[in-house]
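Protein chains: 2
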Amino acid sequence: MDKAAQSQIMSAVDDLFDEEVGFLAELTKHPSTRGNEQSAQSFMADALNNRSFDVDRWQIDVADIQGLPGFSPVIGNYEDAVNVVGSHHSRSKGKGSLILNGHIDVVPEGPLDMWDQPPYEPHVDGDWMYGRGVGDMKAGLACNLFALDALRSLGFAPAADVYFQSVVEEECTGNGALACLQRGYKAAAVLIPEPFAEDLITAQVGVIWFQVHLKGLPTHVAYAGDGANAIEAAIPLINALHKLEEKWNGPEHRHGDFAHVHHPLNLNIGKIQGGDWTSSVPAWCVFDVRMGVFPGQDLELARAEIEAVLTDAAQDNAFLRNNKPAIVYHGFQAEGYALSEDKSEEAKGSISALETAHEAVTGNRLDHVAITATTDARFFGLYANTPALVYGPRAESIHGFNERVSLESIRRVTQTTALFIANWCGLESL
Amino acid sequence: MDKAAQSQIMSAVDDLFDEEVGFLAELTKHPSTRGNEQSAQSFMADALNNRSFDVDRWQIDVADIQGLPGFSPVIGNYEDAVNVVGSHHSRSKGKGSLILNGHIDVVPEGPLDMWDQPPYEPHVDGDWMYGRGVGDMKAGLACNLFALDALRSLGFAPAADVYFQSVVEEECTGNGALACLQRGYKAAAVLIPEPFAEDLITAQVGVIWFQVHLKGLPTHVAYAGDGANAIEAAIPLINALHKLEEKWNGPEHRHGDFAHVHHPLNLNIGKIQGGDWTSSVPAWCVFDVRMGVFPGQDLELARAEIEAVLTDAAQDNAFLRNNKPAIVYHGFQAEGYALSEDKSEEAKGSISALETAHEAVTGNRLDHVAITATTDARFFGLYANTPALVYGPRAESIHGFNERVSLESIRRVTQTTALFIANWCGLESL
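In order, the protein sequences belong to chains A and B.
Mapping to UniProt numbering: the first sequence position 409 is 409, numbers consecutive.
Mapping to UniProt numbering: the second sequence position 194 is 194, numbers consecutive.
Only chain A is shown next, with the shape it has when bound in the complex:
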């Protein structure tokens, strides 16, 4: 593509940018936490219908996916777990077919008084738009949509089939992306604009979620010392898990892409609840753990090691010796994934197409980075033999308070995405 064509596409994104920002604000108003994605998905389905995509909207059926690799145990029921996919059927049927994937679910907002403004009333201050999910990753969905809009405004459509996916369940299982695979959506490459500051993610960790359930007869309050109650019995288990975390982060255990990453595998005690009455020795406590694993690390072995560590720690505690901890796996059982290991022509070609687009828009080379989080990329890369490129705008405080995304970064990513589509899919006239 010559510079003039590039400029034309970038200008087309500029022309629609106010509309894109307005779209993002509207989308962010939907509080699409797990189980509450329906209105946001309706908004997305309407947007795709208005643009003449062939829209497929379906409720995920656990029976369809539970036997597939990458499936994670379901949290809650799936009555409200609805995916939306808009298909663009090209005339040219070029080789560079593409899935543009993004997730609609957002994580809980936490205590409202920690937000400077209400989390579902998005507002702009300088270059930043604020709101829960505005960065992770409704901005990415907007980039995907308006990149195609910009091309259309110039009279173009992709010259290969493109599948626009708005999926649920990214934040706890990935079963939304898995359900898209199961439903037959395949392409030569995938782009997922997760908010990682315009870097290309070439390796991501895996994530295991588990709950530790402590329940049993505590000793009487009259003898309430260390380890006599279920809440305090959690402490040595948490300490033991941190020791395992340090071991797994050791240089000899690291995946090569993470050799120079500071503490890539993180253990997070994300939730805890226990006890019923201040003057009763608590008989139960449950805490929820998120633990990272490296690409290539076997999940079954990882779980066995976690269990062994908890069992050992239980031996040293008065409560736990008599009341063994029960480990329940729910949510993420996600393997790590390294795009860097994909030596296919499709990987080379799609990465090259993205690099070219990024350089044209930003004037800089595209940085390749390894991240300490997971994304839906793993499903495409590990279970569908499809290179999955994670590349999206700059956001801050995702999963935190005053989550925000850079508007100029959204503009650049939308431009890069439009150029990438032109490079990778080719263009055909409408």
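The hints are simulated quantities; they were obtained by calculation from the structure and are not laboratory data.
All figures in this text were calculated on a predicted structure; none of them were measured in a lab.
Watch out, some of these pointers could steer you wrong.
Note that the list lumps identical chains together, so a pair holds whenever it fits in one copy or between two copies.
In silico SDA-like pairs for lysine to any residue, Cα to Cα no more than 25 Å straight-line [as the list claims (entries may be wrong)]: (1) Lys324 / Ile238; (2) Lys324 / Glu359; (3) Lys3 / Glu396; (4) Lys243 / Gln315.
Take the given structure of chain A and dock chain B to it, following the hints.
Just chain B, lined up with the frame of chain A:
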């Protein structure tokens, strides 16, 4: 009283004992946890009305009691906080007037699957009746009521005024007993049949309840090490509180009555809750603490020491340095109480009357013990200059699972109570 009269009274208790056991089972069916005492209180009011007591039933008004010594901060609202008092107005107006006090509230039952039988479907197995609250202290209420019934069946009533109190809020504040004082109920002595195995309680600890609220911006999950999150930030605070507990239990800090008691002051972490999402670093955590204090230990100084310990511990933790813990006092702010220090004629006389009765029924001397829990006795002893005798049946697993009370112990305590009334109040014919 001669042996024949004693025997007659004890036999009268025996004659009514099946009825007493039935009454206790009915009362235990009412799940009278805090806020849910109404149906149990109606049952009690009906029982008193049927026996021609002058029944006073009123909703506690916080405004009436909040300025009084011994008041504890209220948990929840008091719309359902209703006391019941039945008055016996004697003709003789003897000096030995008496308050028979018991609490109707029970602590939560905890996980139902930890009970062998449902907690509010009382059942008998051998000498034990099982159910939540059956020991703590519905059995005591039954003892009080059927002791008077036994005397009545013989044609007698107490020769001094007797106030039968069924109060709420014993398990979290004691404000039910305080409201009885405020309403004007006074007597020369008080009997509270809390389930301490037919011993006379001559000293009890005080209890402070407090919540520790942790809330603030955690560091990012990418740097989630020790102390980076609100849940884990609770751990050093809990450890620091245990150090304070050990200090207060030290020989140089002890009240004399507790010199030989094993670890009299107990710290209990009774409840905890924190975090919203397994993969979000938790921004908040709240835990509930119960701490004992000795009789004579100043509550204000105790609270100041607790606060200082928490503030110091916060200095050493990454999360807490930036997010100071907030301490909220709710529920018990209860001083310790030692009946042993009451040298009044009323104390000597009432204790002697109980000792005589106990020895007549059991053949053993009445043991005097110090307990590591609190009871409503403190209100009468500390704030109304009235000796409060805690003496009740044997129970096991109170505040635990399969709570149970010994039926033969109930029989003996009912007999002892009837003899005590005869000794202390004197008798008049109906």
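Outcome of the hint check:
Within a single copy, Lys324 and Ile238 get their C-alpha atoms as close as 15 Å, and across copies as close as 22 Å, so both meet the 25 Å cut-off. For a Cα distance limit of 25 Å, the shortest separation of Lys324 from Glu359 qualifies neither inside one copy, at 56 Å, nor across copies, at 46 Å. In the homo-oligomer, the alpha carbons of Lys3 and Glu396 never lie at most 25 Å apart, since the shortest distance is 32 Å inside one protomer and 85 Å across protomers. For the homomeric pair Lys243 and Gln315, the shortest alpha-carbon distances inside one copy (16 Å) and between copies (24 Å) are both at most 25 Å.
Of the numbered hints given earlier, the model fails hints 2, 3; all others are met.
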